[in-house]
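So the protein sequences, as listed, match chains R and Z.
Here the first sequence is numbered in this note's numbering, starting from 1 and rising by one per residue.
Here the second sequence is numbered in this note's numbering, starting from 1 and rising by one per residue.
Misleading hints may appear alongside valid ones.
[Unchecked claim] Derived Cβ-Cβ restraints for the label pairs, each shown as a range:
1. Z:Pro53 with R:Asp428: 50 to 56 Å
2. Z:Thr314 with R:Ala403: 33 to 39 Å
3. R:Pro149 with Z:Pro53: 54 to 60 Å
4. Z:Gln393 with R:Gln409: 53 to 59 Å
5. Z:Thr167 with R:Ser445: 47 to 53 Å
6. Z:Glu385 with R:Lys56: 30 to 36 Å
7. Z:Ala412 with R:Gly132: 37 to 43 Å
8. R:Arg386 with Z:Asp428: 43 to 49 Å
[What the hints assert, rightly or not] These stretches of chain R come out as covered by chain Z in the derived footprint (C-beta under 8 Å, 3 or more residues):
9. 32 to 41
10. 327 to 336
Derived by calculation from the structure, the hints in this document are not laboratory data.
The C-beta atom is built at its ideal place from N, Cα and C for all residues, glycine as well.
2 protein chains.
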Amino acid sequence: MTRPQAHAVARGGDPANAFGAQVPAEATLTPAEGGVCATRGIVAGGLAAGLKPSGKPDLALVAASQPVAAGAVQTTNAVAAAPVHLTRRHLAATGGRARAVLLNAGSANACTGPEGMAVAEASAGAVAAALGCATEEVLVTSTGVIGQPIPREPLLASIPDVAGQATGDAAGATRAADAIRTTDTTVKQAAVTAADPAGVATIGGLTKGSGMIDPAMATMLAVLTTDADLRHPALASVLSEVVGRTFGRISVDGCQSTNDAVVLLATGQAAHQPSLGTLVAGLEHVCGSLAEQIVRDGEGASRVLHVHVVGAETTSDAEVVARAVAGSDLVKTAVAGGDPNWGRVLAAVGAAGAGAAGLRAQAPAGTTPGDRAGDVPRTPRVVAERVDVRFGQVTVCRFGGAAAFDAGQAAAALRGPDVHLTIDLGLDHARATNLTCDLTHGYISINAEYTT
Amino acid sequence: MTRPQAHAVARGGDPANAFGAQVPAEATLTPAEGGVCATRGIVAGGLAAGLKPSGKPDLALVAASQPVAAGAVQTTNAVAAAPVHLTRRHLAATGGRARAVLLNAGSANACTGPEGMAVAEASAGAVAAALGCATEEVLVTSTGVIGQPIPREPLLASIPDVAGQATGDAAGATRAADAIRTTDTTVKQAAVTAADPAGVATIGGLTKGSGMIDPAMATMLAVLTTDADLRHPALASVLSEVVGRTFGRISVDGCQSTNDAVVLLATGQAAHQPSLGTLVAGLEHVCGSLAEQIVRDGEGASRVLHVHVVGAETTSDAEVVARAVAGSDLVKTAVAGGDPNWGRVLAAVGAAGAGAAGLRAQAPAGTTPGDRAGDVPRTPRVVAERVDVRFGQVTVCRFGGAAAFDAGQAAAALRGPDVHLTIDLGLDHARATNLTCDLTHGYISINAEYTT
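Could you put together the complete structure from these sequences and hints?
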């Protein structure tokens with residue numbers, strides 16, 4: 001059993017991550033080393049299989065020592081990649097158990113037809129042969145260029161090697177995290193122990209993602225591991241909820257990928273389990289940290305924008321408004337320019353309040369903005385005259401209008417690597433936080449020059 | 001009565017504009033001179049009132065010689081500007097009649113509180129005094145920076161001047177169109193006569209808009225005039241439909257403004273009216289031309305991207321998919337880079353097919369992508385294996401997978417000022433066209449440096 005260290009990252013009542021989830025009263029979160037391999041019994045590895053033209057590492061494996069409880073949250077994109085379909089099928093066949101996750105970069109294996117599915121199936125079979133498990137116990141994820149065939153031979157030839165070199169230490173976890181990078185400039189890992197009087201569990205994770213990042217998932221892959229005994233249906237619902245509050249609340253460019261997947265492997269080897277609330281807090285911390293790392297490494301990003309919506313009538317309203325503001329190219333370019341342009345913020349808030357209704361003719365008897373009770377999903381309630389906007393601690397808009405503020409203080413609040421933008425809807429007490437990055441020339445350069 | 005010229009722009013069966021609306025069998029559209037003043041009895045003017053720090057023209061007036069039928073389509077933004085509320089109230093009070101439209105640039109008069117509304121009311125009163133009509137017969141529209149107070153004195157002092165210098169010729173129309181520019185680099189006007197055996201009507205228009213342009217309306221103002229006898233409720237429904245198919249199908253950055261308004265003044269002075277279908281075709285042409293001019297002048301745009309979705313099950317499906325592709329920053333940067341990156345197109349198509357459902361956990365019994373019949377609004381039906389993608393005439397994706405194509409021909413299709421991207425969903429015969437522009441360094445420069 002991994003013992004919590006002295007230097008806790010969060011105790012009861014503290015935020016578990018940048019998205020504001022709270023740590024339960026008696027729980028303590030403590031940093032752990034080793035990413036996915038912080039969980040005992042997990043091995044990981046990565047190597048260069050020749051899938052990337054650059055020759056950089058592009059194939060990774062995360063495996064348990066035996067089949068364990070597993071679940072995944074995947075893209076909802078109607079053009080989903082072969083590995084997305086295969087992973088879904090395998091989890092259905094096993095009733096939610098898996099031995100390993102194979103990950104590759106260099107090719108998304110999306111829009112690749114029957115041959116793409118055949119390669120995905122063959123790769124799962126090769127992992128199963130190397131580990132001595134059933135093919136259905138292998139989950140597959142891919143990231144890279146959409147529409148290019150995934151090279152079958154180099155992929156299959158390297159699978160025994162990556163399985164053979166996988167180790168249960170931090171070096172193995174880092175090799176795996178490194179091998180799934182595409183435009184990522186950083187290796188992204190996190191691990192924590194979550195303890196309370198009942199017991200302690202370890203949660204580790206790795207991820208990749210930099211562009212094509214949308215709240216309803218990203219060009220991101222993530223593997224999470226834990227020694228907690230978390231099984232279906234609790235595993236599926238906990239994973240779905242935590243992903244929704246972390247990876248589901250980030251955006252870089254509002255573009256949704258064909259390949260996104262977050263996979264959780266739960267070994268159930270912890271001697272004494274903490275409460276479910278403590279475990280969830282640990283998972284919130286790891287997923288929140290990984291999600292934040294993605295935004296911080298967003299294509300062309302010079303700073304992270306934390307959009308806090310408070311004072312909403314419902315959490316759903318807060319989420320929709322936060323997403324609209326985080327998705328506004330005009331807000332993101334203003335942040336890039338260090339400009340406290342609250343007018344653009346209010347326009348984005350108001351657009352969220354306009355719902356999906358779109359155009360509406362105003363003529364003799366105009367419909368008033370309140371007449372939208374029938375909308376499904378609910379249009380967030382926004383009353384312009386109640387909205388306050390703050391950059392850092394500087395109130396730049398009060399009751400929907402200009403506030404007197406010190407330009408130097410406002411500029412300072414927009415200067416650092418993290419900008420906190422708070423929108424108080426002034427209606428009730430619900431809140432949500434979204435993370436995004438600024439929109440810079442770097443994004444254009446990366447994406448106008450990234451060739452098919 | 002204005003006689004149609006010899007050189008028709010469109011005859012029966014031709015497209016009325018870039019968005020694909022068809023001209024009815026017996027109708028002929030012929031270009032006309034004079035923008036909004038092409039309609040007899042309309043006067044227009046513009047001057048520098050001192051609202052823009054640059055000292056450039058910033059105040060415009062379009063007026064009829066007497067009160068005429070009028071309607072407006074306005075932004076649905078919940079943070080709507082004072083002039084949006086005032087125009088709505090005036091149209092309701094008069095039952096859909098107006099004498100004049102006052103337009104200003106330099107200040108959006110949005111998020112300006114009671115003082116902003118008082119200035120908007122006072123400006124309507126000043127126009128009414130100058131023209132000798134009721135205050136409720138004056139409609140007001142504003143564009144510019146959100147949240148800055150609109151300078152009352154220079155605005156009110158200049159209203160008699162702009163009313164006095166308004167003329168019924170092309171010069172007056174051009175002065176008005178010029179005075180409402182913000183980041184626009186071009187003056188945007190259009191006019192046409194629409195004729196059939198029953199009669200002939202003139203339709204003229206002016207607009208502004210360059211950034212903050214979204215399908216559900218834009219930072220755009222437009223005034224349309226016609227001598228047709230078009231009254232409520234037909235006026236409201238025709239205007240709403242045509243705006244939905246033209247201004248409603250363009251985007252620059254997906255950001256919705258607080259101030260958008262399209263106003264139509266119908267004088268009813270035409271001696272012999274054409275059929276309603278012919279009149280609609282004329283209105284489609286003028287609105288389509290103005291909308292296309294906005295996209296072509298999009299902030300930082302180097303080319304216009306025409307997104308044609310064909311083979312959809314319903315027009316609504318085609319619209320949603322076209323909007324998703326036109327709204328994808330990754331597609332727009334690929335077009336800027338001249339890259340036929342069809343994988344990004346398919347990811348955007350698939351994201352539209354994912355609907356607003358967002359995240360969904362895949363675990364033991366995963367929901368299949370078809371299980372969304374209950375979604376409201378309807379998620380467009382997309383079957384990845386049926387989708388073809390063409391740039392110009394070059395098929396780059398066939399049945400959802402890579403097609404063999406000549407790289408030189410594809411590059412050529414992405415080179416000119418207009419790029420035509422066709423997505424054939426392969427399901428049925430519904431279609432829709434959206435216009436957007438590429439996303440370039442120019443957009444970042446304009447919006448990161450445009451200060452509050």
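Comparing the hints with the structure gives:
1. Z:Pro53 with R:Asp428: 50 to 56 Å: With Cβ atoms ~40 Å apart, the hint is violated.
2. Z:Thr314 with R:Ala403: 33 to 39 Å: violated, 47 Å
3. R:Pro149 with Z:Pro53: 54 to 60 Å: Holds: the Cβ-Cβ distance is about 57 Å, inside 54 to 60 Å.
4. Z:Gln393 with R:Gln409: 53 to 59 Å: holds, 57 Å
5. Z:Thr167 with R:Ser445: 47 to 53 Å: Taking Cβ atoms as reference, Thr167 (chain Z) and Ser445 (chain R) lie about 48 Å apart, which means the hint holds.
6. Z:Glu385 with R:Lys56: 30 to 36 Å: This hint holds: roughly 32 Å between Cβ atoms.
7. Z:Ala412 with R:Gly132: 37 to 43 Å: violated, 54 Å
8. R:Arg386 with Z:Asp428: 43 to 49 Å: Given range 43 to 49 Å: holds, Cβ gap about 46 Å.
9. 32 to 41: As far as the stretch 32 to 41 of chain R goes, the hint is violated, because 0 residues have Cβ atoms under 8 Å from chain Z.
10. 327 to 336: holds (count 7)
Of the hints listed earlier, those the structure fails to meet are numbers 1, 2, 7, 9, in rising order.
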